[in-house]
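Number of protein chains: 2
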Amino acid sequence: MERYKYILDESAIPTHWYNVQADLPQPLLPPIDPATKMPVDLAKMTAIFPAECVAQEVSSERWIEIPDEVRDKLAIWRPTPLHRARRLEKVLDTPARIYYKYEGVSPAGSHKLNTAVAQAYYLKKEGGTRCTTETGAGQWGSSMAMAAKLFGLACQVYMVRISYDQKPYRRILMETWGAKVDASPSPLTAAGRAILAKDPDTPGSLSMAIAEGMEDALNTKGSKYLLGSLLNHVIMHQTVIGQEARKQMEMAGDYPDIIIGCCAGGSSFGGLAFPFLRDRLVNGAKTRFMPVEPTACPSLTRGEFRYDYGDSNKLTPLIPMHTLGHTFIPAKIHAGGLRHHGMGPLISHLYNLGHMEPRAYNQMKVFESARLFAQCEGFIPAPESAHGLRAAIDEALRCKAAGRAEVILFNMSGHGLFDLSAYDEFNNGRMQPYDLPEEEIRRTLKDIESQPRTEEIAAALAGMSK
Amino acid sequence: MERYKYILDESAIPTHWYNVQADLPQPLLPPIDPATKMPVDLAKMTAIFPAECVAQEVSSERWIEIPDEVRDKLAIWRPTPLHRARRLEKVLDTPARIYYKYEGVSPAGSHKLNTAVAQAYYLKKEGGTRCTTETGAGQWGSSMAMAAKLFGLACQVYMVRISYDQKPYRRILMETWGAKVDASPSPLTAAGRAILAKDPDTPGSLSMAIAEGMEDALNTKGSKYLLGSLLNHVIMHQTVIGQEARKQMEMAGDYPDIIIGCCAGGSSFGGLAFPFLRDRLVNGAKTRFMPVEPTACPSLTRGEFRYDYGDSNKLTPLIPMHTLGHTFIPAKIHAGGLRHHGMGPLISHLYNLGHMEPRAYNQMKVFESARLFAQCEGFIPAPESAHGLRAAIDEALRCKAAGRAEVILFNMSGHGLFDLSAYDEFNNGRMQPYDLPEEEIRRTLKDIESQPRTEEIAAALAGMSK
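Chains as they are written, first to last, in this note's numbering: chain A, 5 to 470; chain B, 5 to 470.
Okay, chain A solo, but in the shape it has when bound:
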């Protein structure tokens, strides 16, 4: 019998997170306060985030121990399986060996729960009693709801109004796990009330929901705001994925030539990639790394590396990243988790250093691959995860054309059981391609022309440190 799955016992759950910052040949540029144009004061961030998370954000320690209480929660669903996609290989008739790490087995349905349990733990440990967060389609909110319940924390989720109305299943999931979920903008915060006063029928946005979550956390005793991607410590919490995958690839007797995953904030991609990237950074391994984004939101493949706000309301510090400009509004593609105008700073930085080969795909091609995968491998990919899948398929077809038996590893970061309406659109020929005109990108990039340049800030910081 051919072998399909490489399974680890829960004793193999990693004991440490891997912090890629320790192995960067050049450090990350810091976030900048737009008012002072100076690096933001980290002490202020502890008013919003748990102190331990803030410390991890700038740590250069290579291995950070995972607390036993966090490993104890990870054991609910980890280690996740590594699958050899032999059925897909046969259909593609490729000599490539295709592996995928399947994070969809978590109760919340994606990798997001890996960091949610860590953040909830630190909040609890530091005396917190409640977390606030925002969610769009609900992947992050549902992970946070479950993690909060596991640690006995209250959880307040601000869910973007239009998703709250159109996607009730994830809202119900959060409520079943004990979270309080309100449509954002809500009357619960000053930010929400101000928006509602102007436009009572607004569909809401992630920016609005972030504003509400932060205000709530700042104003409510015992509360902190927890974020699901983009930040360094969040990505670090995901490195359990890649560490497990390394052991599983060893069991399979293979080592990846190419590592692929969908990418926006960078947490699922970095989580799988960084424990392998270390071999390239430290030992010069030739493995290729391929973050995949939608053509409708191509920050890495068509954006600029600039200091830009993380949100359209300019609430965040200025962040050094590949961006389309914070006024860029992505088309309503189904991969909601990839609809961000900027690429995560760590992935942006690694791209600048020559370690990343980004790809972008239209959602029509993405869903074509997702359905093919479902029909031979069984599982229904999340629309986000299917972006990585598409790139993996194209690499396997390249291997076929070239007659090369390369080893491809990609991250199936979540299941698509709550995204079936998107499959319905595709199955019935109603899906929109949402091609992105060049003039649209030029316009939104123009909006950030006056912001400080990364070169200027880098030079200023270099001068200060002399």
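These aren't lab readings, by the way, just hints derived from the structure by calculation. Do not rely on the hints blindly, as some may be mistaken.
As the list makes no split between identical chains, a pair holds if one copy fits it or if it spans any two.
Keeping only pairs whose Cα atoms sit at most 25 Å apart, straight-line, the calculated PhoX-like set for lysine-lysine is [as the list claims (entries may be wrong)]: (1) Lys251 to Lys9; (2) Lys202 to Lys318; (3) Lys184 to Lys369; (4) Lys184 to Lys225; (5) Lys94 to Lys128; (6) Lys450 to Lys41; (7) Lys369 to Lys336; (8) Lys94 to Lys336; (9) Lys336 to Lys318; (10) Lys318 to Lys450; (11) Lys129 to Lys94; (12) Lys336 to Lys202; (13) Lys48 to Lys128; (14) Lys369 to Lys94; (15) Lys404 to Lys251; (16) Lys404 to Lys369; (17) Lys48 to Lys290.
Got chain A; can you put chain B on it based on the hints?
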């Protein structure tokens, strides 16, 4: 670190199915042709079902080899994990050790896929090119759709109209796996057209959908009709569950005192229970077996053991089972898979022989337990599976009161991610208890008074065999 999961490598997928019929102290009564009052001619059944399935239906061979091609498909998701529900134990403060076998990890979300791949294999092997089936909420239809695709078979699903309209997600799932799904009654069959002519707005029923699926299979070259529960061979295909669980309980160093599962046709319950029941039948082990049904459809706890039709349209042979009468229409509880007027013949027979201790629960109590489970163990139980969970919790509480550290094993036969609207009803106090008045049962039992009695048939058969 405490251990939560007992995981097997795919080399541990069972090589044989266990056929409990080989160990029955008395054989099952046969299905009866209502016209002749004689056992049905099995040869006729091969017009509808694959011949190998019909042979297995009456086999007394103890171990039937699982074809490699079937094991190859089972390896997509099997072996499934055995979980120790330590978090639930802590919340209940019970000395009992609670284990659950989690079948929700299958791509289709339940145990149903175990028999779907076996039936699809036999159909293909016997030269078939297409299967037809019926589905209510879609658990079985989606399993059949996926299994058919894996073996390159076409798949036609007749989906009860009201579910087709109200539960689009499972319909989309089936279509994504390549099945053709039509709302039943449909214009595709004479049976469907006749019903539609009388009542164009009918919500449909499982009986109607069965009639369409059978007619289609009989009239279409290369087609057979495949059924997801109730039949002996279907339950036998599920014994991979219990065989794996035996190995996993050994890994845990425990042996169950009580085995629990929701039960209607008997396939998920029998699948887990029978490989353990063998120790009781053959070696006199004292393990208790607890099939659990809804109080809204209490065939085993309040019905009569009678020959009755399997469906309200009297299409099936007469089947010896505990029944509420084929005119009994269960209330619209959310556990759609448990809404059958009759209990599966194997479970009914084993109950008569004194090996079963059935329980019945109201769905209010069931969902109370399901939410508690979700909040401590993470996974969202299917409404059906949560019936078994409820009984497991009550047994654990009995152990607490008695200070007994018994070992409880139950079958979490599927996830409830497509049943979240039911959780929403419960969370918001809108769920109906659907208590069942005694006069309702008396009325429908009266409707079957004229049917042949099991004692008469048994006596007649005994006479014939002399």
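Status of the hints after comparison with the structure:
{"no.": "1", "hint": "Lys251 to Lys9", "verdict": "both (13 Å within a copy, 19 Å between copies)"}
{"no.": "2", "hint": "Lys202 to Lys318", "verdict": "within (19 Å within a copy, 63 Å between copies)"}
{"no.": "3", "hint": "Lys184 to Lys369", "verdict": "between (37 Å within a copy, 23 Å between copies)"}
{"no.": "4", "hint": "Lys184 to Lys225", "verdict": "within (17 Å within a copy, 55 Å between copies)"}
{"no.": "5", "hint": "Lys94 to Lys128", "verdict": "between (49 Å within a copy, 19 Å between copies)"}
{"no.": "6", "hint": "Lys450 to Lys41", "verdict": "within (20 Å within a copy, 85 Å between copies)"}
{"no.": "7", "hint": "Lys369 to Lys336", "verdict": "within (16 Å within a copy, 41 Å between copies)"}
{"no.": "8", "hint": "Lys94 to Lys336", "verdict": "neither (34 Å within a copy, 45 Å between copies)"}
{"no.": "9", "hint": "Lys336 to Lys318", "verdict": "within (22 Å within a copy, 50 Å between copies)"}
{"no.": "10", "hint": "Lys318 to Lys450", "verdict": "within (16 Å within a copy, 73 Å between copies)"}
{"no.": "11", "hint": "Lys129 to Lys94", "verdict": "between (50 Å within a copy, 21 Å between copies)"}
{"no.": "12", "hint": "Lys336 to Lys202", "verdict": "within (24 Å within a copy, 44 Å between copies)"}
{"no.": "13", "hint": "Lys48 to Lys128", "verdict": "within (19 Å within a copy, 66 Å between copies)"}
{"no.": "14", "hint": "Lys369 to Lys94", "verdict": "within (20 Å within a copy, 48 Å between copies)"}
{"no.": "15", "hint": "Lys404 to Lys251", "verdict": "neither (27 Å within a copy, 41 Å between copies)"}
{"no.": "16", "hint": "Lys404 to Lys369", "verdict": "within (19 Å within a copy, 56 Å between copies)"}
{"no.": "17", "hint": "Lys48 to Lys290", "verdict": "neither (41 Å within a copy, 64 Å between copies)"}
Hint compliance for this structure: hints 8, 15 and 17 are broken, all remaining hints hold.
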